[in-house]
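Colleague: The listed protein sequences correspond, in order, to chains A and B. Residues 3 to 388 (this note's numbering) are what the first sequence spells out, left to right. Residues -2 to 104 (this note's numbering) are what the second sequence spells out, left to right.
Among the hints, erroneous ones may be present.
Claimed, not checked - Only part of the chain A face toward chain B is listed, based on derived beta-carbon distances under 10 Å: (1) G163; (2) L198; (3) M225; (4) V227; (5) I229; (6) E248.
What the hints assert, rightly or not - Covered by chain B, according to a simulated footprint, are these stretches of chain A (three or more residues, beta-carbon under 8 Å): (7) 149 to 161; (8) 175 to 187.
Derived by calculation from the structure, the hints in this document are not laboratory data. Just so it is clear, CB atoms sit at the ideal spot from N, CA and C, and this is done for glycine as well.
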Amino acid sequence: MTTTFQGYRRSDGRVGVRNHVLVLPSVMCANHVVDRIGRAVPEVVTVTHPTGCAQVGVDFEQTKHTMAGFAANPNVAAVLVVGLGCETNESKALAQEIAARGQRVEVIGIHETGNTTETIARGVEIARELVRQAAAHVRTTCSLAELVLGTECGGSDGFSGITANPALGHAADRLVDAGGTVILAEVPELVGAEHLLAARASAPVAAKLYELIERVEARARAMRVDIRTGNPAPGNIAGGISTLEEKSLGAAYKGGSTQLREVVEYAERPTQRGLVVMDTPGQDIEQLTGMVAGGAQIVVFTTGRGTPTGSPIAPVVKVATNSDLFARMRENMDIDAGTIVGGTRTLEEVGDEIFAWIVEAANGRETAAEVLGFRDFAINRIGPSF
Amino acid sequence: MPTGFLGMPLSLDGAALRLKDDDDVAVALRPLEAGVPVRFPDAEIVPLVTIPTGHKIALRAVAAGTLVHKYGQAIGRASAPIAPGEHVHVHNVEGVRGRGDLVEAPR
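Please work from the sequences and hints to get the whole structure.
Modeller: Below is the structure:
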């Protein structure tokens, strides 16, 4: 029985499964400089985004905390923050919040450095030095109990709830049994299945779960819309899913069957081990970013229609719900759960393959999304730009 | 009888899956041709139309306005009368949850 993997132990005690140097703009005005640093130093990973200025209140706080949590994910060895100099999300304050989470961080500002070209040149120097330092980190033996697994389904179809999601649930149960943590998210896609999760939770945890569900339905009421106009999406409906409740019941299988230990906010780091629900939207990239910002080192993503998503800093293991998709998008897929319907493998066997893939990804095996170079990143906004 | 996964009974010919015994619908594991019977251990159902892969077939009649069950849970309510063998989808079942469109306009 596997209980360990080879990972990077960080100064705060957490364990990474990758050793990335991340270059992060504090504001969209620094995106170009970040992109050019990434082209000059291909060993770093870069992200760009349309946030960081003209934001207020809880919306700004969530954006900043998400960036800080993402940058402090243990898959990242060091961070270079690039700011402009006049933005709401001040680059030095962001760097301080990243450092407070125990992460190695450098920061430069475009106004302070001079101009675009000078900032790119300075950023390239710093990035090369961070890459050199990161190379000194080596993998050591770590417990599977250190792993935080994000679970996600996107582009669901009529098979999601009977093949890939229950198989992922089996793998999730195995990780929880090994002492690890599993994040179940996309709360709009738990509407209609929340009572099944609440039945496996303490009263306060169940109450928090019901509160998140009510937030979703209150938004639909405030907007006077049927959630079904956007979720299930057209592809879900083409794949046989008729209602939000039906999608949710299939989606909830991903988390497995263990007790629900905690409910956390978007991008918040769980304090409990075991099964945790995180408040994210069903929008795939915002969900992915939130879970990774909350500390998930690995994500398993099931898809029936063929969602190609991958994170810049975390391996995303892609599971096809049906064998047609697996054949059609073979380069994007890691595991074929359609074999369950084909009768060649049991649900438990596919679940065991997912679990084995999680361990291999933790040891360094690259997933399809990593090989293809996906760097999807999006922060969930909870207020308008001003 | 073929063994289903998650303890769910597969239909005898493996063409459709009924997830829980009391469900109103089964999932087509491959296209179910109109008029070709699908056999379950305790029932037989004739598709009235061809049911696409991954879509649902009604196993029994469901009256308009009553709940439709899959996974042993309510997935919505019938928005039109559903006959055994019918394709069950957005044309005859609607969600009950997240229905902000049903909120009454302020007076």
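Colleague: The structure should be examined with respect to each hint, and the outcome stated for every one.
Modeller: So, going through the hints one by one against the coordinates:
For G163(A), the shortest C-beta to C-beta distance to chain B is roughly 7 Å, which falls under 10 Å, so the interface hint holds. A hinted interface residue such as L198(A) counts as satisfied when its beta carbon comes closer than 10 Å to some beta carbon of chain B; here the least separation is about 8 Å, so the hint holds. Taking 10 Å as the C-beta contact cut-off toward chain B, the hint placing M225(A) at the interface holds, the least distance being around 6 Å. Satisfaction of the interface hint for V227(A) is found here, the shortest Cβ-Cβ separation to chain B being roughly 5 Å, below the 10 Å cut-off.
A least Cβ separation of about 3 Å between I229(A) and chain B falls short of the 10 Å threshold, and the interface hint therefore holds. Interface hint status for E248(A): upheld, as the beta-carbon distance to the closest one in chain B is roughly 4 Å, under 10 Å. Evaluation of the coverage hint for the stretch 149 to 161 of chain A: fulfilled, as 3 residues show C-beta separations to chain B shorter than 8 Å, against a requirement of three. Coverage of the stretch 175 to 187 of chain A by chain B is violated [criterion: at least 3 residues with CB-CB distance below 8 Å; count 0].
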